[in-house]
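K.L.:
Chain residues, written in single-letter form:
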Amino acid sequence: MGDLYDSQRAMRAMRKAAMQRGVIAILDIGTSKIACLVLRFDGPETFRDADGIGSLAGQSSFRVIGAATTRSRGVKFGEVDAMQETERAIRTAVQAAQKMANVRVDHVIACISGGRPRSYGLDGAIDIENGLVGDGDIGRVMAACDVPDYGEERDVLHAQPVNFALDHRSGMADPRGQIGNQLTCDMHMLTVDSIALQNIFFCIKRCDLELAGIASSAYASGISSLVEDEQELGSACIDLGGGSTGISVFMKKHMIYADTVRMGGDHVTGDISMGLSVPMATAERIKTFYGGVVATGMDDREMIEIGGDTGDYEHDRRTVSRAELIGIMRPRVEEILEEVRVRLDAAGFEYLPSQQIVLTGGASQIPGLDGLASKILGQQVRLGRPLRVQGLPQAAIGPAFSGAVGLTLFAAHPQDEWWDFEIPAEKYPARSLKRAVKWFKDNW
Amino acid sequence: MRPLTAMARHRALPRDPAPSKWKYRYQRMMLTPGFRSLMRVGVPLALITIIAVSWYSHDENRALAIAKWEGMKRDVQQRPEFMVGALDVTGADDALTRNVLAQLPVAFPVSSFDLDLEQMRKTVEALDAVRSARVRVGTAGVLNVDITPRTSVAVWRDGGVLRLLDEEGTFAGFVETRADRLDLPLIAGQGAQAHIAEALALFRDAKPIGSRLRGLVRMGERRWDVVLDRDQRILLPGENPVAALDRVIVLHQARDMLDRDVAVVDMRNGNRPTLRMNKEAADAFRRVSYNEADE
Numbered sequence: 001m002g003d004l005y006d007s008q009r010a011m012r013a014m015r016k017a018a019m020q021r022g023v024i025a026i027l028d029i030g031t032s033k034i035a036c037l038v039l040r041f042d043g044p045e046t047f048r049d050a051d052g053i054g055s056l057a058g059q060s061s062f063r064v065i066g067a068a069t070t071r072s073r074g075v076k077f078g079e080v081d082a083m084q085e086t087e088r089a090i091r092t093a094v095q096a097a098q099k100m101a102n103v104r105v106d107h108v109i110a111c112i113s114g115g116r117p118r119s120y121g122l123d124g125a126i127d128i129e130n131g132l133v134g135d136g137d138i139g140r141v142m143a144a145c146d147v148p149d150y151g152e153e154r155d156v157l158h159a160q161p162v163n164f165a166l167d168h169r170s171g172m173a174d175p176r177g178q179i180g181n182q183l184t185c186d187m188h189m190l191t192v193d194s195i196a197l198q199n200i201f202f203c204i205k206r207c208d209l210e211l212a213g214i215a216s217s218a219y220a221s222g223i224s225s226l227v228e229d230e231q232e233l234g235s236a237c238i239d240l241g242g243g244s245t246g247i248s249v250f251m252k253k254h255m256i257y258a259d260t261v262r263m264g265g266d267h268v269t270g271d272i273s274m275g276l277s278v279p280m281a282t283a284e285r286i287k288t289f290y291g292g293v294v295a296t297g298m299d300d301r302e303m304i305e306i307g308g309d310t311g312d313y314e315h316d317r318r319t320v321s322r323a324e325l326i327g328i329m330r331p332r333v334e335e336i337l338e339e340v341r342v343r344l345d346a347a348g349f350e351y352l353p354s355q356q357i358v359l360t361g362g363a364s365q366i367p368g369l370d371g372l373a374s375k376i377l378g379q380q381v382r383l384g385r386p387l388r389v390q391g392l393p394q395a396a397i398g399p400a401f402s403g404a405v406g407l408t409l410f411a412a413h414p415q416d417e418w419w420d421f422e423i424p425a426e427k428y429p430a431r432s433l434k435r436a437v438k439w440f441k442d443n444w
Numbered sequence: 001m002r003p004l005t006a007m008a009r010h011r012a013l014p015r016d017p018a019p020s021k022w023k024y025r026y027q028r029m030m031l032t033p034g035f036r037s038l039m040r041v042g043v044p045l046a047l048i049t050i051i052a053v054s055w056y057s058h059d060e061n062r063a064l065a066i067a068k069w070e071g072m073k074r075d076v077q078q079r080p081e082f083m084v085g086a087l088d089v090t091g092a093d094d095a096l097t098r099n100v101l102a103q104l105p106v107a108f109p110v111s112s113f114d115l116d117l118e119q120m121r122k123t124v125e126a127l128d129a130v131r132s133a134r135v136r137v138g139t140a141g142v143l144n145v146d147i148t149p150r151t152s153v154a155v156w157r158d159g160g161v162l163r164l165l166d167e168e169g170t171f172a173g174f175v176e177t178r179a180d181r182l183d184l185p186l187i188a189g190q191g192a193q194a195h196i197a198e199a200l201a202l203f204r205d206a207k208p209i210g211s212r213l214r215g216l217v218r219m220g221e222r223r224w225d226v227v228l229d230r231d232q233r234i235l236l237p238g239e240n241p242v243a244a245l246d247r248v249i250v251l252h253q254a255r256d257m258l259d260r261d262v263a264v265v266d267m268r269n270g271n272r273p274t275l276r277m278n279k280e281a282a283d284a285f286r287r288v289s290y291n292e293a294d295e
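Chains as they are written, first to last, in the working numbering: chain A, 1 to 444; chain B, 1 to 295.
Pulled out of the complex, with its shape left as it was, chain B reads as follows (with noise of 0.2 Å):
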């Protein structure tokens, strides 16, 4: 019998390639149209992660790529475009604008990504000068800080020192002397400045005795006291105390009242108003009623 290899086929018969079993089933599966893109597609990209991964996962290449990004980032953070070059404070005056640019220690030119502009508001915001800020880059690289200031309308005397005071009673600041802010009302005492907005309607409502006030006295964190020169007191009731102020003005207008030598007027009980005068003037008083009685 000859043998049944396929080397021993004779050797006349016409080349007559077969593919291998193999072979055919690779050719198939190309042929399959999921895998035919599976091969176009997925192998590539399988290909490309595991080199990109295979690279970073060494610590220096690691390092390179965010050195490299970091420099491409701070390249185009330190375009001229992007730089701040100078710092504009605007809506305060002198001593605030020192204030401010104190606060804010900015190293010029820096880019204004380094900026972090809700931080300075805030910084600048904590003054007690300041009622709010806005701060913005704006044109031609300048860093601007507008400020709306606080406006002060009361002296606060709290123990040895004098506070400013704005009208819904936050501290605006401190003055050296009285003499500084003359122009303002001078309140005094505890809890003075929770009540600043009655305090500023006694003021006005003191006009007529102005050249004599000296300022409103906080007593017992419940009512005013009016002080004026010559030592002399107004005890004003807790409730209502305009209206008291009020008879007190009257009564003052009409028999000079505050111009005799009372030492206090006790309005404190509206019922049964009170004066209290000086020794001497008590003295005298009591000496001429004694004259008046031996006669």
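This is chain A alone, in the form it adopts within the complex (with noise of 0.2 Å):
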């Protein structure tokens, strides 16, 4: 634990020099597809006047100067599979956005969608000495709740303070400086397979960069694409990627949940290609032309083409309707969004005040889907695109970049996370030197 600690804030003090530098990039590491952006910050005043209103959630202190995407490599559920693979695809997102930004970046802020992640929910409590709630205090709170034994080969990705209680006022966002006897936090603790993170770290040394901060997939998708009352009431970001559909649940502007499936438009494309007997590219083009999950009368008359090239005539010639595609799709992203349905339940999803459904990412492009997903998860669903952030080239706006523009968000304001704060200085070992050095500090 307090090497995870150490090794957050170390991408902490990374970013912060990244932010001095003014550049940072954003490396979205999927399945389907690697996008590489490049940030830069100048402040609010360099883009837009300072009077006003001024930054709106923070996204107008950066543009996006470059950005880039490849064909992922090399990586299968949003874990890197084949290392060096991997490391190509990355070089080759980096230098391209490198080369549109005409700036070299060193620091990069990624995220991660597979390692199946876990949600915990933490509490902890403490009694406030003199009756006023310090920065201290708020470390103390955190330290002071009780962590499940999550398994040794798991590392903590997100460690968010949710909700702060001073005695019996909940919902408190900032309880510093209020008068009480008992603190309450409640945490929300992401953890994900330690091997998976290791690869992605490993993964961008290997091309020269250093890691400035990880997070969740699921979590910036759910930043980007979800609009800030979703956020407060409460609302799920599904995010359809190529590998796996991330789930976020939002609730008062903090992420509660987060999991993922480990399926997506990978998936639909394998069975099209198992059913139609044809290569993957090919069954990748039918479904992006062709694709749809509900069929009509019409669809029994539309003839596909899919081709071959054995050189049989007969085999070359194949034709398919698309009712018989949308047959071999549907299947697939009902499972996908049954799946979906398990986990939210799971999660206690009908509880929340507002139970609104947003679909994002690439897979979300099926056309017909939000009928179908509203059929499966419930009435209120909506297809949704990541926010418009400034510089951010026309073809980086569709929903499949709605992880990458939420790392943005990410980058530029990062929700406060329990590294964040002092560590109490009980949590030391006895007799530590570091104890010694704050006892000075705090005595003179």
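Think of the hints as simulated: they come from the structure by calculation, not from any bench.
Treat the hints with care, as some may be off.
Taking beta-carbon pairs under 8 Å as the criterion, some of the chain B residues facing chain A (in silico) [to be verified]:
hint, residue
1, Asp16
2, Ala18
3, Pro19
4, Tyr24
5, Arg25
6, Gln27
7, Arg28
8, Leu31
Which stretches of chain A does chain B cover? Using the computed rule of at least three CB atoms under 8 Å from a CB of chain B, they are [claimed, not checked]:
hint, region
9, 88-98
10, 101-115
From a predicted model like this one, the values you see are computed outputs, not experimental measurements.
Virtual Cβ for every residue (Gly too), placed ideally from N, Cα, C.
Once you've looked at the hints, go ahead and assemble the two chains, each given alone in its own frame, into the complex.
P.N.:
What follows is the structure, given as structure tokens:
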């Protein structure tokens, strides 16, 4: 735990250094594509007058000056599968983005979409000593949270304080400076597989880049595609990616639950490939051009050439009707959505005041998906696109980039995490030198 | 298992170029601002320096460069604007002008860059008759030597040589015979040139006996003798000689002392001026005295 705390703090220090330099890269390592955005931070005055409302949600203080996407290689289920290939793909994306930005980037904020994330809700309570909540008390109450045994092979990715309660008053965002006796804290902790995390660390390091932060891609998609009232009242963001589908539930502007379903658009492509016995590339093309989930009478008459290059005329001139294609795709999409439904039910999504569901990600572009999703997930379903950020090219504003755009917001305005607060002194090992140093600092 | 090498990748995969590790690093390096400015400025500069140094390190190239440079310099210096064609000496009489021209052997026409004016000035000023000189290249390519000559005030007989002296006692030239400069007083004796002002004062004072005055002789480097014709001498004291000469002149004007047969008027001791007569005069004086004593 201490090790993780240190590495997360080191990443925060790196992020601060990158902010000072003014250039940071965003790397969305997905199963189907790798996107790299280069951000330049200049402060709000550079692009917009400082008077008036000024920066809205913090996104006016940066500008996207470079963007590149490349086909992902060596990634499966959002985890690194073949490291050399992934490294090459990252290099391609970073090089193209650097070329567009005409600036060298050294610091990268990445996201991880796989790694079997697991959510934990923690709570802790402390007695306030002098009746006034101070900075140290925030750290103490977080340290007092009862951390469950999440396993050897897992690492904490996010540990965000979601709610503070002081005596009988709950729902506080910032209890500092208030008077009370007992401070209670609710914390949301997300753990991922440490092997998956280490692999991404290692890949980025091999590209001569420094990792300045890492986030869950479900969380990043949520903060970019959910609008403010949805984040406040309760909603779920379903990021239908290539190899995995991320689920994040937001409430009171905090993520309270995240999970992934290890199925996505690539599995739909795989089904088409198997069902029609065509290569994956052809299947992907057929899916993109003709795919759908709701069949109509017209679709029986629309014939699709599926082709082939065997040289056998009968084989190479095969056709299928669009209804058949929909018949292959729909069960898999239904399966994914059913699985999402199961996860949301397990998380207790139905108890939220508002149950808005936002579909985003590349696979959410299947025609008719919102109709199918509303049958499975509930009535309040919409298709989401990421927030507009300055300088983002037209090619990168689609729903497939909600994770990357979310990371830019995460880079500009990271949420308070556990490691942003000081460790209380009693958590240090006894007779620690650090404790002596702290005593000196406090007393002189 | 399928081979893992890149060669075996399926042909149907879309072309998907990825930069190699070194290409990627090279591109990142080229995007580093410091490195870029180094490549833009430093490398061309270094290249030019290397080429120049390697060319210059050959002797014949170096000689060629120097010759080229000298030729260019000469071309500029030999332009008609910078040429000097004549020498003009002002402020000196004919003899001195000839003397100066002899001292400045300049072959005209010559470029003004090749003239060492300071050295020429020193050469001209080294002449005895020249008190100071100004040398400059004037308009229309004339080298102008402006001379302030020394004014001779006395002739000094030094051994067998007659030298001219100016009022500071500095040599201002030679004369062949005394007859050349009869207008100047004559002084003689060792150390006379150091007390020329005193000598001149004495000459001015001796105006009443000027027609008889031959000259002044410095005796023992401390006092003056006034030499008159008929081998008469007036021995003046070392201190305040003008007053002593005044007394002699007054005596002469009252009693015609110097017209008599006096050889030496000794004024060295102011309290006891002494006369020495010629032998004949002394004998006659003695004879007259006997006769008077006999009567």
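K.L.:
None of the hints should be skipped; say for each whether it holds.
P.N.:
Quick rundown of the hints versus the structure:
{"no.": "1", "hint": "Asp16", "in the structure": "holds, 6 Å"}
{"no.": "2", "hint": "Ala18", "in the structure": "holds, 4 Å"}
{"no.": "3", "hint": "Pro19", "in the structure": "holds, 5 Å"}
{"no.": "4", "hint": "Tyr24", "in the structure": "holds, 5 Å"}
{"no.": "5", "hint": "Arg25", "in the structure": "holds, 7 Å"}
{"no.": "6", "hint": "Gln27", "in the structure": "holds, 6 Å"}
{"no.": "7", "hint": "Arg28", "in the structure": "holds, 5 Å"}
{"no.": "8", "hint": "Leu31", "in the structure": "holds, 4 Å"}
{"no.": "9", "hint": "88-98", "in the structure": "holds (count 7)"}
{"no.": "10", "hint": "101-115", "in the structure": "holds (count 3)"}
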